[in-house]
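Protein chains: 2
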Amino acid sequence: MKSPLEGLRVLEIGHFVAAPFATRLLGDLGADIIKIEPLDGDPVRQWGEQLDGKSLWWSVHGRNKRSIALNLKVPEALAVVRSLVAHCDALVENFRPGHLAKIGLSDESLRKLRPDLIIAHISGYGQTGPYKDRAAFGVIGEAIGGLRHLTNHAPGGSELPPVRVGVSIGDSIAGLYAAFGIMAALWQRDRPAGDRTGRSLDVALTESVLSLMEGMLPEYGALGKIKAPSGGAIVTAAPSNAYPTADGQWIILAANSDRLFEKLANLIARPDLLSSQRFQGNYQRVANAAELDRIISDWTRKRTAAELTAALTSADIPGTKVYNAADCALDPQFQERGMVMTVDDPQLGRVLHYGVVPHVPESPGAIRWPGPPVGAHTEEILVDLLGFDAFRIAELRASGAI
Amino acid sequence: MKSPLEGLRVLEIGHFVAAPFATRLLGDLGADIIKIEPLDGDPVRQWGEQLDGKSLWWSVHGRNKRSIALNLKVPEALAVVRSLVAHCDALVENFRPGHLAKIGLSDESLRKLRPDLIIAHISGYGQTGPYKDRAAFGVIGEAIGGLRHLTNHAPGGSELPPVRVGVSIGDSIAGLYAAFGIMAALWQRDRPAGDRTGRSLDVALTESVLSLMEGMLPEYGALGKIKAPSGGAIVTAAPSNAYPTADGQWIILAANSDRLFEKLANLIARPDLLSSQRFQGNYQRVANAAELDRIISDWTRKRTAAELTAALTSADIPGTKVYNAADCALDPQFQERGMVMTVDDPQLGRVLHYGVVPHVPESPGAIRWPGPPVGAHTEEILVDLLGFDAFRIAELRASGAI
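Those protein sequence lines, which keep their order, are chains C and U. To convert a position in the first sequence, counted from 1, into the numbering used here, add 71. To convert a position in the second sequence, counted from 1, into the numbering used here, add 71.
In isolation and in its complexed conformation, chain C is listed as follows (with noise of 0.2 Å):
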C-alpha cells in the first residue's frame, strides 16, 4: 500500500501559499518535499490564529515536508541549493519572475546539475509579458482572473463591494495546476516510451482563475453579453438560493427542477403555486424568482437551520444549512472518510487537519507529520542526502549559510 508518489523528489523554494499548497498536495500522495525557508521562516508561520505563537495553519500548510533553513544571501546556501537540485525530480518556486535567474539559479543553470529537472514557476501574471513585472497579490489576481466581479449581488442588489472569498482561492488554484503540470510533465519524462526530459512550466495565477470562468469569455465574444453576478442565486434555474433561518443561520435550497418544485410547493404549504402560470416551468420561475424567493424566505424564516435541514430531506429535496468551521469538524461524512482528522503535533497539541484529496484506496496519501519548526530537517537533510560532514557543517553555521 505504497502512496502514489513514493519515490518522488521535490525541492519547494516557495513561501506563502500558492508553492507551499503545490507541494502540500505532491507531499500528501507521498513524495518527499524539501523546503527551502529562509532562516526566520516562511512568512504564514506568523499568519492567522496562532497558539503559543505559532500558527495553526502552518500544520496543514507545512505538513509531510522536510524544512531546511537556508540564507540564500550568502553563496555556500546557493551552493547547497545546487547540490540539492541534483537529487530532485521536480522544483517549485513562487519568487517574482527572473528573481532565481538572478540569484544564480536560473532553469539552465539547474538543468545543468540535473537534466532532466522538471521546474514549476508560479506567479502573479507569468513569466513574460507586459504585466509580469508587478506585484502578484492574490485579491488583484482574482480580480483580474474574472471571479471578483462575479462574487457579488445583482446589479442594484447592494452597496457593497463584492466580496472576497474568504481563502487565497486565486494561488490555491494556481498550487493545484502546478501539482497536476508537474505530474504530467514527470509522466511524459518517465514513461516506457517517455523522453527522459526536463522542462519547464508557467502557472500564473489570473490564467488559473480565468480558465474557470466557463460561459464568460465565449459568450462575450459571441454576443457582446457581460456576465453579470447574480448574489446567492443562479441566473438560469429557479429557485435556487441561500434563505435565512429563525436562528440567524442561511439554508440553501435548490428546487429549480419542476418536480423538486412540485415537492418544495407541498413542503411549504403552497400548493397553490403550482397552478400559477408565474410559477409553470423554469423559465417562468427564473422570471420570477425574486416573487418565489421571497415566498420561501417567509417559510424558512419561521424556522431554525436543524428544522429545515430536516424537513428537506424528508422531502428529498437538495439542501443544507450553510456549514461554518463547527459544522464542517462535526459532519459525520466528513469524520467516517477522514477528511477531518486530529493529528499530535509536537509543538501545538491535537490538531484538526483536513484529510487528503484525491482518496486512492489501494494506495492511500497519508498525514505523515505536521509542519515542522523551520530549519527541523536542515542537519539531516545534509548529511544523509548530501553526505557532509560535521566540519562542513559547522563551516556553513560560520558562513551564516544555515
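Calculated from the structure, these hints are not laboratory results. Since the structure is predicted, the reported quantities are computational estimates derived from the model, not experimental observations. A hint or two may mislead.
Which copy is meant is left open, so a pair is good if it fits within one copy or across any two.
List of simulated lysine to any residue pairs, SDA-like, C-alpha gap at most 20 Å [to be verified]:
1) 203 x 426
2) 173 x 466
3) 144 x 109
4) 125 x 354
5) 125 x 307
6) 203 x 87
7) 334 x 353
8) 296 x 118
9) 173 x 142
10) 173 x 268
11) 296 x 115
12) 296 x 122
13) 144 x 201
14) 73 x 409
15) 296 x 123
Got chain C sorted already, so can you dock chain U onto it with the hints?
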C-alpha cells in the same frame, strides 16, 4: 514539441461540469479524450447563452474531445464501452456512486478488460459514507465544504444572503483534483520503477472545497474560533478592499504594509494619516479599517476606474479595477500570452477561448478543435479504434445503441 500528454487516452463517461472539466485539462495538454455522451448529448450543450441554439460554453468545455454517442440503456452500447476500455489508460466518471457498477461497469469488471486502468470517480460526497447517495448539487457541496459561509459580508454588514461564486467553482476544483490524481496514479503505474497497476480514485466535491480552507479547521479545533466572512476586506491586513469609483465600478487596492500605506497616504493627499496613532502599523490599521476604508472611498468615489488604475500604477501601489468579461477579453497580458484566443468553431464561427493552463513552453498544449457536435466521432472511433465494419455499425444503429 509534443504536448505533455500525447500518447495518453482517457475515456470520459461524464456530464455537467466536474468530469468534463477534468478531461478538458487532460485534453488541453495533449491526451486523446473519448467522451461518451447520451444520444441527446451532455446537458451542458444547453447551458448558458446560445448562438443558433448551440451553447457557447460548450465550445470551450468540449474542446479537444472526440464524442461518441451511446445509449447506455442498450446492452450493445455497454459492449462498445467495454471494448473502448481496453484501449484506454484512464476513465473519468461523475455519476451517482454505484451507478456504473449497477449497469455492469464496475471497477473490477473493467479491470478484467484493462488490468492497469486508472479510474477516477468524481461525486458530491464521495463513494462511501452516510451521505454518498445524496443529490450532489454544486451549490450544496460548496456550502458543506465551508466556502459559502465565507463569501459574505462581515456579520451585521448585510441582510442579503451569502453570494455564490458565480461559476461552478466546487465542480471545477474537484475536476482539477481528479486530473492531478489521474496523473499521480499514471506516474506510479508507468515510471521505470512503476508497478504497472491500475487504481481507483475517489474525488468528492465537498472535500475538494474543504481542503482549500487554510486555517479554518485547525483554528476551530484548537481555539474554538469560527472563521467569519469579511466582505471585501482581509481580516488580518489593512487597507485591502474593493472601493467604489466615479463610474460605477470597483477598484481593488492593497496597501497593507507600512511602505505601501505611506505611498497611499501621500497619493490621496492625506499625509496626516501617517502621524495618527490610529493607523500606525498593520495591527492599528486593522483595528480601524472601517474608518480607513471610508477615507479611501471618499478619494476613489471622485475618480473613474481608469484614473484610479493609472494613479495606483504610477505610485507603485498594487491595485486594479475589478475585471468583467470585456476587461478580461481585452487585457494585453492575457492577449500576449495566448490566454485569450480566437478559435474557429465550425458550428459557431469565431469563438473566444481561454488558453491552456499551465504553459509548457518546450512542449505546449493546444486547442486542436472546439467542442464537437454530439456523436461527431462515433463512426471514426468504431472503425479506426475498434475495427468495426459497416455491417456491425448498422447493427448497432438498428439496436438503438448509437
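Now for the hints, and whether the structure bears them out:
no., hint, verdict
1, 203 x 426, "between (35 Å within a copy, 17 Å between copies)"
2, 173 x 466, "neither (25 Å within a copy, 66 Å between copies)"
3, 144 x 109, "within (10 Å within a copy, 60 Å between copies)"
4, 125 x 354, "between (53 Å within a copy, 18 Å between copies)"
5, 125 x 307, "between (46 Å within a copy, 16 Å between copies)"
6, 203 x 87, "within (19 Å within a copy, 35 Å between copies)"
7, 334 x 353, "within (15 Å within a copy, 52 Å between copies)"
8, 296 x 118, "between (40 Å within a copy, 15 Å between copies)"
9, 173 x 142, "within (15 Å within a copy, 58 Å between copies)"
10, 173 x 268, "neither (24 Å within a copy, 43 Å between copies)"
11, 296 x 115, "between (40 Å within a copy, 19 Å between copies)"
12, 296 x 122, "between (49 Å within a copy, 12 Å between copies)"
13, 144 x 201, "neither (28 Å within a copy, 54 Å between copies)"
14, 73 x 409, "within (18 Å within a copy, 40 Å between copies)"
15, 296 x 123, "between (52 Å within a copy, 15 Å between copies)"
Checked against the numbered hints listed earlier, the structure breaks hints 2, 10, 13; every other hint is satisfied.
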